[in-house]
Amino acid sequence: MSLIKVKTTRRTSFVNITHLVKEEVRKSGVKSGLCLIYVPHTTCALFINEGADPDVIKDIAYMLEKLIPWDDRNYAHAEGNSAAHIRSSIIGNSRIVPIEGGELMLGTWESIFLAEFDGPRERKVIIKTMPC
Amino acid sequence: MSLIKVKTTRRTSFVNITHLVKEEVRKSGVKSGLCLIYVPHTTCALFINEGADPDVIKDIAYMLEKLIPWDDRNYAHAEGNSAAHIRSSIIGNSRIVPIEGGELMLGTWESIFLAEFDGPRERKVIIKTMPC
Amino acid sequence: MSLIKVKTTRRTSFVNITHLVKEEVRKSGVKSGLCLIYVPHTTCALFINEGADPDVIKDIAYMLEKLIPWDDRNYAHAEGNSAAHIRSSIIGNSRIVPIEGGELMLGTWESIFLAEFDGPRERKVIIKTMPC
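Chains as they are written, first to last, in our numbering: chain A, 6 to 137; chain B, 6 to 137; chain C, 6 to 137.
By construction, these hints were calculated from the structure, which means they are not laboratory data.
Mixed in with the good hints, there may be bad ones.
If chains are identical, the list can't say which one is meant, so a pair holds when it fits in one copy or spans any two.
Said to hold, decoys possible - Derived lysine-lysine pairs resembling DSSO-like cross-links, with alpha carbons at most 27 Å apart: (1) K36 x K10; (2) K27 x K71; (3) K12 x K36; (4) K71 x K10; (5) K27 x K12; (6) K32 x K63; (7) K36 x K63; (8) K71 x K32; (9) K129 x K36; (10) K36 x K71; (11) K129 x K27.
In this text, all values refer to a predicted model and were calculated from it rather than measured experimentally.
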């Protein structure tokens, strides 16, 4: 099990952590297995999608703000960050990727993103590899 | 593998099952590994988010009803519970949490919730721990 | 680890792949464990929901198009398939199912669906079983 630290710079930030996860897989020595990526923070989520064109994650952030706006007069939670909790709950706080030949089996266009919806903050991500 | 039973009391209910999952992890004796929580019902979902302030899950339920309303004249499914199936499919029917030192590595504010969107019902949740 | 190929016929297609996953579990010989189903394509997702009444997945597709429309003048991504990437990121590109007695522990009404949001295409799905 390893912990990586990720800093975000804005309220909504999507950080490509693929290289950090790959490094942990390499260090683990697991040749065939699974890699769990888990974020233990309730305003964060993890998702896997295109990392090549930055407009893709821009559009993901745009649509999440459109669907689940930061401000809504019916939110009850006093901290004012309900949108972050809702987005996190729907997207999910973990992803799992198969490992073969010592490498994550990511598709050609796939990158792993940490999403922070109530930053800027420093967050930790747990990475756990399992041989099988 | 263990099964836990969860009763819900309203159409939409979010039940904090963290203590039940922790108990199964303790009984399993797994010190380092993974815990899979899986709900085999198509109007349910599992999510992990803040359990301290009940207004957080209230806001999650509010937003899901706003985005995916119970009633929509274009739904085709004859049983009338399409919203429950849609919410379940988007959020997902499982979550996975790392185990270290014999404990779930949940963050300070994280709790595990069973979401039922077409209750009240008695539902089962499958818990499977894996050493690694 | 096995790869299965899935062909889609329309832009949005939900393909029931349950029988293909079951066949891989049977071939693996795993009696108790986990099955990871993973799609390495950024316009695809995997979800588990009702496979008996085809109107359920029809309603899921309807609501996704309503919430995250194919056309939106604010999308920045030049390929024109932002909706597919957004839906894929929110739903997720993997599912995990427990195995007991050599069988997937799917609920009575549960089927596993590959969702393609930018088809038609031929896609691959990775299936990895782990004893535990």
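Now the hints, each set against the structure:
1. K36 x K10: both (25 Å within a copy, 24 Å between copies)
2. K27 x K71: Classified as neither; 33 Å inside a copy, 37 Å across copies.
3. K12 x K36: Neither. Shortest intra-copy (30 Å) and inter-copy (30 Å) distances fail the 27 Å Cα cut-off.
4. K71 x K10: Intra 29 Å, inter 35 Å, cutoff 27 Å: neither.
5. K27 x K12: within (18 Å within a copy, 30 Å between copies)
6. K32 x K63: neither (32 Å within a copy, 42 Å between copies)
7. K36 x K63: neither (34 Å within a copy, 40 Å between copies)
8. K71 x K32: Neither way: K71 and K32 sit 40 Å apart in one copy and 44 Å across, limit 27 Å.
9. K129 x K36: For K129 and K36, the Cα distance is within 27 Å both inside one copy (25 Å) and across copies (21 Å).
10. K36 x K71: So K36 and K71 fail the 27 Å test inside a copy (42 Å) and across (43 Å) alike.
11. K129 x K27: both (16 Å within a copy, 22 Å between copies)
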